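Peer 1: Listed here are the chains, written in short residue letters.
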Amino acid sequence: MPFIPHTDDDVKAMLETIGVDSIEQLFDEIPKELRIDELKGVPEALSEMEITRLMRARSRQDGVPLCFIGAGAYEHHIPTAVWDIATRGEFYSAYTPYQAEASQGTLQVIYEYQSMITALTGLDTSNASLYDGASALAEASLMAVRSNRTAKSSRILLAAGVNPTYEKVAAAISGSQGLHFERLPLDKKSGTTNLAALQGDRQQAVALVVQQPSFFGTLEPMDKLTDWAHANGALLIAVVNPTSLAILKAPGAWGKNGADIACGEGQPLGVPLSSGGPYFGFMACKQVLVRQMPGRIVGRTSDVDGKPGFTLTLQAREQHIRRTKATSNICTNQGLMVTGATIYMSLLGHQGIARVARSSQAATARLAGLLSQIDGVSLLFDGAHFHEIVIGLDRPVAPVLDALAAQGILGGFDLSTHYPELGNALLVCATETKTDADLEAYQAALGNILAKGKTRCSG
Amino acid sequence: MSELPGELLYTEEHEWLRQEEDGSVTIGITDHAQAALGDLVYVELPEVGAELDAGDEMAVVESVKAASDVYAPVGGTVLEVNSDLADDPEKINSDPYGDGWIVRMQPNDLDESNTMDPDAYQELLDSLED
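Keeping their order, the protein sequence lines are chains A and B. Here the first sequence is numbered in my numbering, starting from 1 and rising by one per residue. Here the second sequence is numbered in my numbering, starting from 1 and rising by one per residue.
Quick caveat, the hints were computed from the structure, so don't treat them as lab data. Worth double-checking, as some hints may not be accurate.
[Said to hold, decoys possible] Label-pair distances were calculated between CB atoms; the ranges are:
{"no.": "1", "chain 1": "B", "residue 1": "Glu21", "chain 2": "A", "residue 2": "Lys307", "range": "37 to 45 Å"}
{"no.": "2", "chain 1": "A", "residue 1": "Gln61", "chain 2": "B", "residue 2": "Glu57", "range": "49 to 57 Å"}
{"no.": "3", "chain 1": "A", "residue 1": "Glu29", "chain 2": "B", "residue 2": "Asp95", "range": "22 to 30 Å"}
{"no.": "4", "chain 1": "A", "residue 1": "Lys152", "chain 2": "B", "residue 2": "Gly55", "range": "45 to 53 Å"}
{"no.": "5", "chain 1": "A", "residue 1": "Leu410", "chain 2": "B", "residue 2": "Gly55", "range": "28 to 36 Å"}
[As the list claims (entries may be wrong)] Think about it this way: if two alpha-carbon atoms lie no more than 20 Å apart in a straight line, the pair counts; the simulated EDC-like pairs of lysine to aspartate or glutamate are:
{"no.": "6", "chain 1": "A", "residue 1": "Lys286", "chain 2": "B", "residue 2": "Glu44"}
{"no.": "7", "chain 1": "B", "residue 1": "Lys65", "chain 2": "A", "residue 2": "Glu101"}
{"no.": "8", "chain 1": "A", "residue 1": "Lys152", "chain 2": "B", "residue 2": "Asp53"}
{"no.": "9", "chain 1": "A", "residue 1": "Lys286", "chain 2": "A", "residue 2": "Asp227"}
If you're wondering where the values come from, they're calculated on a predicted model, not measured in any experiment. Positions of the beta carbon are idealized from the N, C-alpha and C atoms, including for glycine.
With the hints as extra help, turn the sequences into a complete structure.
Peer 2: Right, dumping it as structure tokens:
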């Protein structure tokens with residue numbers, strides 16, 4: 001489908017038809033104080049040659065470090081076929097197709113994607129994706145408020161193990177619509193939600209958000225938390241890692257009635273780290289909530305001759321029909337990332353993703369064993385883990401990470417900014433991409449750095 | 001176009017009201033409205049007990065091609081909603097003045113409602129056809 005912009009004559013003719021003098025006039029209803037004349041801090045345009053040179057220089061800075069940072073984005077092996085297929089001309093577009101008659105292939109890919117997400121989450125319906133995991137949580141929270149009108153509340157409880165960045169994004173997106181988020185305390189022994197604190201909570205909440213595995217890699221008692229939410233008139237929103245769902249219980253099977261909404265970051269499914277994006281968010285829900293779900297949904301139907309076909313469906317929820325009363329101003333999806341993820345899931349299958357999950361979990365467990373042998377390192381939380389662990393250091397984390405980076409190792413995510421109560425805590429991740437030699441290299445480097453510090457202190 | 005039921009009141013928003021003997025009013029959308037919307041696939045209903053002012057959004061009717069708000073033609077309290085519409089929204093298409101009713105309300109003051117008699121509504125419909 002070629003993209004053909006309007007010519008000046010086209011624009012003039014259209015403006016004349018609707019009786020408006022300029023395009024600018026179409027935006028008159030936006031109050032002056034909300035409009036921005038110039039984008040500060042955006043530099044002048046560069047030529048193709050200049051930008052290529054700049055980007056080459058930047059990408060050299062990235063180097064090829066040995067990465068042990070997770071914290072929401074995960075380095076997994078991506079079969080070459082994934083992006084080889086996704087970048088074929090037939091697929092290579094970020095654009096969501098409106099015209100069923102011109103985009104059956106793309107629509108079928110999204111339909112298959114939705115089917116795979118429902119299989120992973122154990123829920124009834126999936127949308128065509130959202131921007132990323134953090135904005136997916138914001139949308140899920142807004143959706144919970146729309147769906148749970150009897151609660152007459154806009155209070156959303158967050159388990160202590162919800163990604164702190166997700167909380168910031170969700171508050172920024174939905175705060176102006178009156179939602180407020182409250183953190184539940186962390187049980188410092190297990191690194192999971194403090195259930196006792198929940199028992200004392202008597203104020204009506206519209207939803208409880210729990211991340212599984214938690215931001216610390218620990219496994220929350222999901223059955224208990226889900227049942228608590230439902231017993232207290234709240235919906236249960238699951239923030240989940242899609243890779244982990246191949247080996248953990250699906251959100252749809254949590255507790256007596258299952259999670260109501262599951263969302264999360266889709267990046268682990270075949271999307272490269274790429275310095276932070278583009279990624280994609282996924283969202284699935286129970287059938288009864290589907291009309292409150294934001295974003296596009298592709299449905300399977302049959303044409304006039306009775307042949308199967310695919311089309312966008314339930315569009316009356318959406319902005320181009322419902323205008324200001326739409327469920328959300330999301331009116332697109334992350335089409336290209338979803339295409340990559342669908343191919344990734346197709347190539348690996350359920351068993352393949354389960355192998356990735358188990359290998360990652362095993363690599364992290366081996367790393368935990370190696371690091372805990374180092375003098376000055378402790379493991380912070382007992383209990384089960386997926387593919388991330390929190391270690392405590394005997395000194396501030398940031399200088400240690402700098403020293404590791406100087407040796408080409410990205411040692412993890414410093415938790416002391418977001419969780420000062422945990423002390424010198426470092427979140428570390430090892431996926432299936434890490435060999436025993438990689439893990440041992442990390443152990444040796446960290447051991448040396450911590451030993452050196454000690455010599456200097458005592459000497 | 002079929003004849004308008006004579007015992008009903010109508011609004012400019014193509015809703016109808018029927019005054020019941022107990023003082024409540026039953027509200028739905030007109031045959032003209034259902035025909036303009038096309039096959040209905042979903043109806044969002046208010047909660048029983050909700051208190052509405054005249055002009056408040058009362059329900060949403062959704063067809064395959066559009067979704068429209070239904071506004072409360074009169075202020076009052078929602079006594080009952082037609083929960084059959086959850087599974088059979090097409091009842092509004094097949095029987096807009098009967099099984100396709102949407103809400104029963106206890107009106108605050110029916111005289112304040114902005115309604116018209118069947119003749120006036122017929123005139124409005126005729127003017128739309130021109």
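Peer 1: Are the hints correct? Go through all of them and say.
Peer 2: Status of each hint after checking the structure:
1. Taken as a hint, the range 37 to 45 Å is violated for the pair Glu21 of chain B and Lys307 of chain A, whose Cβ atoms sit roughly 54 Å apart.
2. Checking the proposed 49 to 57 Å range against Gln61 of chain A and Glu57 of chain B shows it holds: the Cβ atoms sit about 54 Å from each other.
3. At about 40 Å, the beta-carbon gap between Glu29 of chain A and Asp95 of chain B misses the expected band of 22 to 30 Å.
4. For the pair Lys152 of chain A and Gly55 of chain B, the beta carbons lie near 22 Å from each other, so the given range of 45 to 53 Å is not met.
5. A C-beta distance of roughly 59 Å is found between Leu410 of chain A and Gly55 of chain B, which places it outside the suggested range of 28 to 36 Å.
6. Between Lys286 of chain A and Glu44 of chain B the alpha-carbon distance is near 17 Å, which keeps this suggested pair within the 20 Å criterion.
7. A threshold of 20 Å between alpha carbons decides the hint, and for Lys65 of chain B with Glu101 of chain A the separation of about 17 Å falls inside it, so the pair holds.
8. At roughly 19 Å between alpha-carbon atoms, Lys152 of chain A and Asp53 of chain B fall within 20 Å of each other, so this suggested pair holds.
9. Under the criterion of a C-alpha separation no larger than 20 Å, the hint pairing Lys286 of chain A with Asp227 of chain A is consistent with the structure, at around 16 Å.
When the structure is compared with the earlier hints, violations turn up for hints 1, 3, 4 and 5 and for no others.
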